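Between the sequences and the hints, there should be enough to build the whole structure, so can you do that?
Protein chains in written order, with the working numbering: chain S, 1 to 160; chain U, 161 to 409.
Rather than coming from a laboratory, the hints here were simulated on the basis of the structure.
Bear in mind that the values here come from a model prediction, so they are computed numbers and not experimental data.
Warning: the hint list may mix true and false statements.
[Claimed, not checked] The list that follows gives simulated cross-link-like pairs (lysine-lysine, DSSO-like), each with its CA atoms no further than 27 Å apart:
(1) S:Lys-84 / S:Lys-110
(2) S:Lys-90 / U:Lys-284
(3) U:Lys-385 / S:Lys-84
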Amino acid sequence: MHMFMGFVVLIFSTALIMFYLQAACQRILRREFGHEFFHSVVNANRLEFPFVRKALEEFNAPVDYERFRMQLKCDFLALTYLLKNAGNAKGRLSKEERFLTWYFRVVVLKLIVAHWLRLGERAAVLKLTSILEYFANVLGERVDTIRFGDMTASDYLMSL
Amino acid sequence: MLGNLLASGVGYLVQIAEVGLLIYLLSHGLWKRHAGVLVYLLSLLAVDEVVRRYFFHTYGLDSLAYAYSYWLTDVLLALEAFGLMCIFFRRACAPQLWRVLRLSLIVVFVLIAAISYFSLSHHKDNLLHDFIYEFEQNLFFSCLVLNTLLFVMLQRIEGADQELGLLVCGMGIGFAGPAASLALVHVTLGWPAAYSLLGYVMPVCTLGMLLVWLYAITARQRDEKGATRGSPSRLRVPVLAGAHGASEV
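As structure tokens, then:
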């Protein structure tokens, strides 16, 4: 009986660690922005994650694993590069951004496993798009708060 | 050697996070709002820096006195964490619901404290054998179940406090890690690797809990500052959007 209880605690507690870590990430992603800043970043950088989401949510398209994974990976690389280098005097990601990049990688792993098992790929892809949207919103908000005006590149860098 | 170094590193990170969060709460005048968190942090620091350190330096790492002090303070911290969870329940509930819940939580708390006291005093001669692991596993798991109930309740409340949600999440990480690793020690009948894992998982989960709390509290402060400042620049058309005609996706 004691041993059985031990197994029950082990299984549930391990599952709950994952659950709480994911819930913490989801709560960070739920942060409200002044408005949808991500549109301008998506247009300027030709990001593809909104199209992936649109295809899945509105057109109920089947998951094109190889293509979607590549598109989302490219968006992730572009956005993390921009977050580090665009209007960022520190030149590195903040703690929450770093935490979410780890979360992104974990969800990519989950997508790979889901693809092998042919189970729940759609949910993983949508989760990845929501992380990318958050990154684009953070970036858009940052760009929005900087008053470029007639500044040249050197003026801006001197002002940092 | 590397294992010891890693464990010490994690231990120092936990202490830095504890002190950092404490300083943040005090310097930003948040101690009143987060009195429960503050008391819990002070207890964590007192246990780590005063009680355990004293027993460690006086009696040594392998002494029975240090082992007793370690596990008994751990039980006290778990009971205090339960009290903190009750404070979170109070914050989450409407006054009518709280009146009903208050009594149940007090009964559960008294029950857990009484069972803890009687079990520990009954097994005081063989406390450090299997008993303490099983006892702590059950204690952490009970707290974890209650914490999960609170979390589910928060999910169902519309417009629930975002900060509170993250505080509860952090607490869940703090309970789940030790419960799982203690259960692993229990089911593997004291497998040495499970003991080693326990030594890492407990501080790592405490660190995770403190970092989530730090994020929850600082994010709220940042949002409140942003709201009061009312950033006028947000009203302007962003340069990137302007340059590309702001065509929506």
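Comparing the hints with the structure gives:
Distance check on the hinted pair: Lys-84 (chain S) and Lys-110 (chain S) sit about 26 Å apart at the alpha-carbon level, within 27 Å; holds. At most 27 Å may separate the alpha-carbon atoms for a hinted pair to count; Lys-90 (chain S) and Lys-284 (chain U) exceed this at roughly 55 Å. With a C-alpha separation of about 24 Å, the suggested pairing of Lys-385 (chain U) with Lys-84 (chain S) holds against the 27 Å cut-off.
Figure legend: structure checked against the earlier numbered hints; the only hint not met is number 2.
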